[in-house]
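Engineer: What follows is the residue order along each chain.
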Amino acid sequence: MSHVQNRLAATASRIASVSPAYLKSFPPKEAFAPKPSSSQSDPSVEQKPHFFDAETWASLQPPPPTSLTAFAYRIGLGKLVSSPDPILQACTHPSFLPLHQKHYPHHSRPAANERLAVLGNSLMGLFATEYVNSTYPYLPTRVMKAAVSAYVGPTTCATIAKEMGATPLLRWNRVSNTPTRPAVLHQDAMSSIPRALVALVYQHSSLLTARTFVHKFFLSREIDLRNMIKFRDPKKALLDTVAKFGRERPVSRLLRETGRLSNSPVYVVGVYSGADKLGEGFGSSLKMAEFRAAEDALLRLYLARQPPHLVQLPTSTFPNKTGSIFKAQGGGSLYVPVQLGDAEIKYGAADKTGLRSPGARSVASFEED
Amino acid sequence: MAAKLATRPLLRAQLTSRPANGHVAFIPQVRKLVFEYCNKWPSSANTRTFLLNHLEEVARANPHVEIVVKQRTYREPIVRGLYSQYLSAHTLVYVLRPDPATTVNNRDKVIPLNGFEVTGIQKKVQLLLDASGERIKPLKRRTVESTTEAARGIWSGLHVDEPFKI
Numbered sequence: 001m002s003h004v005q006n007r008l009a010a011t012a013s014r015i016a017s018v019s020p021a022y023l024k025s026f027p028p029k030e031a032f033a034p035k036p037s038s039s040q041s042d043p044s045v046e047q048k049p050h051f052f053d054a055e056t057w058a059s060l061q062p063p064p065p066t067s068l069t070a071f072a073y074r075i076g077l078g079k080l081v082s083s084p085d086p087i088l089q090a091c092t093h094p095s096f097l098p099l100h101q102k103h104y105p106h107h108s109r110p111a112a113n114e115r116l117a118v119l120g121n122s123l124m125g126l127f128a129t130e131y132v133n134s135t136y137p138y139l140p141t142r143v144m145k146a147a148v149s150a151y152v153g154p155t156t157c158a159t160i161a162k163e164m165g166a167t168p169l170l171r172w173n174r175v176s177n178t179p180t181r182p183a184v185l186h187q188d189a190m191s192s193i194p195r196a197l198v199a200l201v202y203q204h205s206s207l208l209t210a211r212t213f214v215h216k217f218f219l220s221r222e223i224d225l226r227n228m229i230k231f232r233d234p235k236k237a238l239l240d241t242v243a244k245f246g247r248e249r250p251v252s253r254l255l256r257e258t259g260r261l262s263n264s265p266v267y268v269v270g271v272y273s274g275a276d277k278l279g280e281g282f283g284s285s286l287k288m289a290e291f292r293a294a295e296d297a298l299l300r301l302y303l304a305r306q307p308p309h310l311v312q313l314p315t316s317t318f319p320n321k322t323g324s325i326f327k328a329q330g331g332g333s334l335y336v337p338v339q340l341g342d343a344e345i346k347y348g349a350a351d352k353t354g355l356r357s358p359g360a361r362s363v364a365s366f367e368e369d
Numbered sequence: 001m002a003a004k005l006a007t008r009p010l011l012r013a014q015l016t017s018r019p020a021n022g023h024v025a026f027i028p029q030v031r032k033l034v035f036e037y038c039n040k041w042p043s044s045a046n047t048r049t050f051l052l053n054h055l056e057e058v059a060r061a062n063p064h065v066e067i068v069v070k071q072r073t074y075r076e077p078i079v080r081g082l083y084s085q086y087l088s089a090h091t092l093v094y095v096l097r098p099d100p101a102t103t104v105n106n107r108d109k110v111i112p113l114n115g116f117e118v119t120g121i122q123k124k125v126q127l128l129l130d131a132s133g134e135r136i137k138p139l140k141r142r143t144v145e146s147t148t149e150a151a152r153g154i155w156s157g158l159h160v161d162e163p164f165k166i
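Protein chains in written order, with UniProt numbering: chain A, 1 to 369; chain B, 1 to 166.
Keep in mind that the hints were calculated from the coordinates and are not lab data.
Any given hint might turn out to be false.
To be verified - Straight-line distance between alpha carbons at most 20 Å, and here's what the computed SDA-like set of lysine to any residue pairs gives:
id: 1; chain 1: B; residue 1: Lys137; chain 2: A; residue 2: Asn6
id: 2; chain 1: B; residue 1: Lys40; chain 2: B; residue 2: Phe116
id: 3; chain 1: A; residue 1: Lys287; chain 2: B; residue 2: Lys137
id: 4; chain 1: B; residue 1: Lys165; chain 2: A; residue 2: Leu255
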C-alpha cells in the first residue's frame, strides 16, 4: 500500500460515521433551511444565511451505546460497569466540550476524560516504573525513564487505543497551536482513552485490578532496551563500574584473530577482571573489538533481568479490595523488597545533565564586579 | 560548557513498544458485523432464516462484536466484518515510520451470502469472527522472520574448539 493510500485510509478512519438507529430524528433538523416566516417575506429584509456541515454534525453525535458495550467486552471490562456512560466519558476528550457548547448551547455538558486521564497516567507511571525497576535492577536511570515512556508513553497509548478499536468511539476536536495552549492532535486525543480506562478500572474495582489491566495490555508488549542504552566511552565506564564493585582492574585479551593482514580481519577480544571474563566483542580492528567487549560487559550488567516469577512489586502490599486503599484492612501478600543495584556511574566529575549554563550577559556582569 | 555528545540522542518517537496481541491478553480485532439482506428476492432466503434463528446465539456468544442488520432491497445478501486498526506483530523495525505492508487501517471483509445454506452462512460468519482484518498473504514464499534473538546463537567459526585452518 503506497503512502498516499495509507494517508487516505487513515483520514477516512477518522471521519465520524453515524448510525441513524440511535438518533432522535434523521435527517437532523439543523440540515433543513428554516422556513421564512411572514415578517421575513419582505424582500428588503436580509435573510440569515443557513449553514450546515455534515462532517461537524457527525462528529458531534455520540457513538451508539452498542459499540461502547462491545468495546468494553473486547478489553475485558464488560462486567466492570453497568452502563456504557463511564465508557463514553472515557472516550470523550476535553477538546470536544467547546465544540459541543458552540453547537448545542442548551444541552447539558457532556462528561470528558480529563481527570480520568490524569489519574490513569499517574497509575500507569507507577505500575510501569515499579515493574521496570524490579525486572532490571541495574538499569541506568535515563534508560529506565525511557523504558517507562516506551511502555506507557503517549505513542504507545495511542497505538493501543487503535488496536482496541477505539477510533470510531473517540469524540474530540482538532485544535491548532496557539500561544496560550498547545495543539491537540489525533494522537493526543487517542492516548487519553487507555489512561481514562485505567482510572475507570481503579475507581470501579481495586488498585490491583488496575495493575493487572496495565500488565496485560501495556507491560506485556516488547520494547528494545538495548537500543536505548547509548555508550560514549564504554572502556572508561567499565573501569569505573568494576572499581565500584571492588574487583580487579579490567584487562582486554585477544582471544582469536583471523586475516590480520587481509582487507577483512576479524578479532575477538575478551575483557577480564582477574580470572572472570566480563564480556566479549568482535571487530575488524583491535580497538573496535575492545570497544565492543567493554560494551558487552556493561550490557550484561545493565540488562541483568530478574525472572518473572521472582519479580517483587511494591504495590503487592496494597489490599486487593474495593473501597479506600487507606482504610481497607488485611490483604497484602508477602513482599520482599528487591535489591536495587548501585551500578550507575556518572561520566566526569560534575554532571551537566539538565544544567543550563549562564548566558553571556550575566557572565560579563559577574566579571565586572 | 557542555561536552559534545558522541552518541546519538534518544528520539521521543522511538519510545514505543511492539504489539504482542495474544502473549498475555488477546484483543479480538473484529469489532462489527453488518448483515445486509433483501426481503423480497429468494437469494436472501437462507440469510433470512439465519438471521431469524441463529443470529441471536452468535451475538450472545460474541459480546465483543457489534452486530447490525440492515435491509437492502433488490440486492444479493452480504455480511461485512469491520476490524480495528493495528500493527502486525511481525514488524521487525517499528522505529519512526511503520511498514505500510503490515499496517491495517480499518479494513473490512465482505462476503456475499447468496448460494450458501444456513450452515455455510454460519461458517462464513465464524470466519469473519476469527479473522484479524489483515490482507491474505501467501505464506509459502515468505522467509521466516523473527523479532527475538536466536535461542542457541548463530554459529561462529571462531568460537569452535578447532578453528578451520586453510
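Engineer: Now, for every hint given, state plainly whether the structure supports it.
Structural biologist: Against the structure, the hints come out as follows:
no. : hint                   : verdict
1   : Lys137/B with Asn6/A   : 18 Å, holds
2   : Lys40/B with Phe116/B  : 17 Å, holds
3   : Lys287/A with Lys137/B : 46 Å, violated
4   : Lys165/B with Leu255/A : 16 Å, holds
The structure shown violates just one earlier hint, number 3.
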